[in-house]
Structure formats: structure tokens, C-alpha cells
Amino acid sequence: MHQLFSAFGIQLNLLIAQAVNFGLVMLALWYFLYKPVMSTLDERQKKIAKAVQDADEAAQKLAQADDTAAARVRAAETEADGIVASARETASSERARIVSDAEARAEQVAKDAEARAKEEGERMRRESEKEIARLAILAAEKVLSKHHA
Amino acid sequence: MSGGISVVLAAEHLGSVFGFPITNALVMTWLLMVLLIGFAFFFGRRVKMVPGKLQAGVEWAFEGALAYMAETLESEELARKFFPLVATIFLFVALINELEFFPGVGSVGFFHAGRFLPLFRAPTTDLNFTLALALISFFVIEVTGISMLGFFRHMSRYVNLRSPMGFVVGLLETLSNLGRIITFSFRLFGNIFAGEVMVLVAGYFLPFFLPAPLMGFEMFIGLVQAAVFAILTLFFIKLAIADPAEAH
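Chains Z and H, in that order, give the protein sequences.
Position 9 of the first sequence, counted from 1, bears residue number 9 in the numbering used here, the numbering being contiguous throughout.
Position 61 of the second sequence, counted from 1, bears residue number 1061 in the numbering used here, the numbering being contiguous throughout.
Hints should not be assumed to be uniformly reliable.
As the list claims (entries may be wrong) - Cross-link-like lysine-lysine pairs, in silico, DSS-like; alpha carbons within 30 Å at most:
id : chain 1 : residue 1 : chain 2 : residue 2
1  : H       : Lys1048   : Z       : Lys47
2  : Z       : Lys47     : H       : Lys1053
3  : Z       : Lys50     : H       : Lys1048
Claimed, not checked - Where chain H lies over chain Z, by a calculated footprint (3+ residues, C-beta under 8 Å):
id : segment
4  : 3–13
5  : 19–27
6  : 33–47
Said to hold, decoys possible - Covered stretches of chain H (chain Z as the covering partner; in silico rule of three or more C-beta atoms under 8 Å from a C-beta of chain Z):
id : segment
7  : 1007–1015
8  : 1041–1049
9  : 1072–1085
10 : 1128–1142
11 : 1218–1224
It is worth saying that the hints were derived from the structure and are not from the lab.
Ideal placement from N, C-alpha and C gives every residue a C-beta, glycine not left out.
The whole structure should be built from the sequences, with the hints applied where relevant.
In C-alpha cells, the structure reads:
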């Protein structure tokens, strides 16, 4: 065993020295290289994950906003339709009312005119009857006076 | 150094400081530590939210490795816990293996007592380094098993007295787990050392032409070995955290 060790130059202090050397390299690489690179990788991953999440949220919000806008437009359209329909209804009922009012009034006017014409006719007939009677009396008086004269 | 190939299994001693032996493999380990930590220091300070090309590449590798580990360990948390160990094994061993044929490594040195001593030697061709790595890996695997399953449940995979068959299986498990220290260290050492020797020998057969493509191939092997060491550590961690009662 001793021969083997001396042939390969194995010495305990050299062995320990090389183990310490490796340990030092590992510590130094860990501190100077692995740690900063790993933390950068982690940080970047976090950033990317956050960016992706933000983008998702933004897209969702946008979609939500679109939905809201569409819903609002739909509601406005429905309301406008309602307004137009009720306006049309009001207008048509108003027209009907105006027409019927006008008709009623025209009828009334016609009735009034007819009544007035009838009354006039009656009055004129009565007046002419009165005139005839007066003329008859006058004629009779004339005749009588001739007879007496 | 006239003629002949000198192949030295052990890393050459360059001297000693306060009785502590300094080998050329140790010197190169320190040099590569400075390189790697220096890169990590300057890179880590410039990490930005919006990455440049280099950072994007590093992040791609990190994310890929982490995803693979999470898939293997079936837990994102465990993957993050063991990432520093597995990634450091890969990065450090890969860097060593890639710079193994860098001009100057093995060629820059000095003569001492009539013998050429290279100043740098790839640490993966020194068993001290690979064994240290194997031991670290072994202890991490065992400690993970104990901390995840509890001492007795983890040990029940090695010492099983419920049946003779179970006892034998436990014995085999013990042997194979202890054997990992040897396979881990010698696989890496053997591959990289053999590659160096092969390039050296090829230089004698067909100088200038053969070594260059072989070096390229060995650099590829170096990457593969770094990945093998890291991935095996990962797999053994996965095996250690699996319930022994369910595993059999």
C-alpha cells in the first residue's frame, strides 16, 4: 500500500491541500458566479411571469371593457327603440284624438248650421205669414172703407 | 534529457514551504484557481438583467444543467442545492483538462540535480487531486444519504441482517460504494494521464503532425471526463437519496 502511494505520489498533506483548493474554488464560484447568475435568472423569471400576468389581466380588462361598452350600446339601443315606439304610439293616439275632435267639431258645426238655417226658415215663414196677414187686413180695411165711402 | 521518454506517475516536487511539499500539479491548481475565480469575480459583477452574448451563453448552460439535475433528482430544490458541487466539478476539471496542452504546461521548468522539473502539470494527472475530488464526492454522497434518509435507514443498505441474501447484497453495496473512490479517482487520472503519455509517444512517431490532432482528441476526452465525473456524482447522489427498501 505504501509503495502504491509513493509510486503515485499520494501524500496526505497534498491530498488535503487539493481538497481545500477545490472547496475554495467551489465557495468562490458559488459566491461570485452561481449566486448572481441564479438570482438574475430567478428575478427575470419573476419579471416575465408578472409581465405575462399583467398582459393577461390587461387583455381581460379590455375584454371586460368591450363587453361593458357593448352592453351599454345594447341598452341604449333598446331604450332608443322604446322611446321611438312610445313616441310613435303617442303621436298616433294624438292624431286619432285630434282627428276625432275635428270630426266632432265639424259635425257640431254642421248641426249648428242646419239648426240655424231651420230656425231662420221658420222665422222667415212666420214673418211672411205675419206680413200676409197684415196685407190681408190692410186689403180688407181698404175694401171696407170703399164700401163705406 | 537526451533520448527516451520520461513518464513520471507522481507529480514532481518543486520544493517545500515550511515543510509543506509544493508540487507542479499544486502550482498549476493555484494558477487555474486564480483564472477561474478571477473570471467568476469579473463575470459575476457584470451580470445584468438584459444579458450580453457571454452572459446569455452562461445562463443557457446554467439553466440546461439545472433542468437536467432537477430531472435526475426529481426535485428543483435538491438540484439547486447540489448545483454548486456538480457545476464546480465540471468547470474545474474541464478547465484543467482543456489547458493541459497549453503551451508551457510540461515544457516550462527548470533543471534540478540533472533532472528536468516542469513548473506546471495538469492536476488531473496527479492522483492527489483526483483522489481528493473522489473523496469529496464520496463524502457528499454519503452525507446526503444520511441527511435525507436518516443514519440507520441509510446504513441499512450496507448492513442488512434481515436475510442472508440481504446481508450479501449489503456487503456488495459497501464494496461497490467504497470502490467508487478508486474508480472515480483512477478514471479521471488514467484518462488524462494516458492522453498525455499518448501525445508524448506520438511525438516520437510522427512529430509535428500526429500530436496536434491527438491533442484535439484529448481535449475532447478531457471535456467528456469532466462531464463523467460531474454526472456520476449526480447519479450517485440520486442513488443515495433513494430509499434502500424501495431500491431492491
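| Can the segment 1128–1142 of chain H be counted as covered by chain Z under the rule of three residues or more with Cβ-Cβ separation shorter than 8 Å? | holds (count 7)
| Restraint check for Lys47 of chain Z with Lys1053 of chain H, where alpha carbons must lie at most 30 Å apart | holds, 20 Å
| field | Coverage of the segment 19–27 of chain Z by chain H, judged on three or more residues with CB within 8 Å | value | holds (count 7)
| task | Between the segment 1218–1224 of chain H and chain Z, see if three or more residues pass the 8 Å beta-carbon test, and mark the coverage as holds or violated. | result | Three-residue rule not met by the segment 1218–1224 of chain H, so violated; n is 0.
| task | Establish whether the coverage given for the segment 1041–1049 of chain H by chain Z is satisfied; the threshold is a Cβ-Cβ distance below 8 Å, and no fewer than three residues must meet it. | result | As far as the segment 1041–1049 of chain H goes, the hint holds, because 7 residues have Cβ atoms under 8 Å from chain Z.
| request: Mind taking a look at whether chain Z covers the segment 1007–1015 of chain H? Criterion is 3 or more residues with CB to CB distance under 8 Å. | output: Answer holds; 3 residues pass the 8 Å Cβ test.
| query | Taking 8 Å as the C-beta cutoff, is the stated coverage of the segment 1072–1085 of chain H by chain Z satisfied by three or more residues? | reply | holds (count 4)
| request: Mind taking a look at whether chain H covers the segment 3–13 of chain Z? Criterion is 3 or more residues with CB to CB distance under 8 Å. | output: Held - the segment 3–13 of chain Z has 7 residues with a Cβ nearer than 8 Å to chain H, which meets the minimum of three.
| message | Lys1048 of chain H and Lys47 of chain Z were given as a pair; does the straight-line alpha-carbon distance stay at or below 30 Å? | response | holds, 14 Å
| Three or more residues of the segment 33–47 of chain Z near chain H by CB distance under 8 Å? | holds (count 11)
| request: Measure nothing beyond the straight line between the CA atoms of Lys50 of chain Z and Lys1048 of chain H; if it is 30 Å or shorter, mark the hint as holding. | output: holds, 19 Å
Hint check: a violation occurs at hint 11 only; the rest are consistent with the structure.
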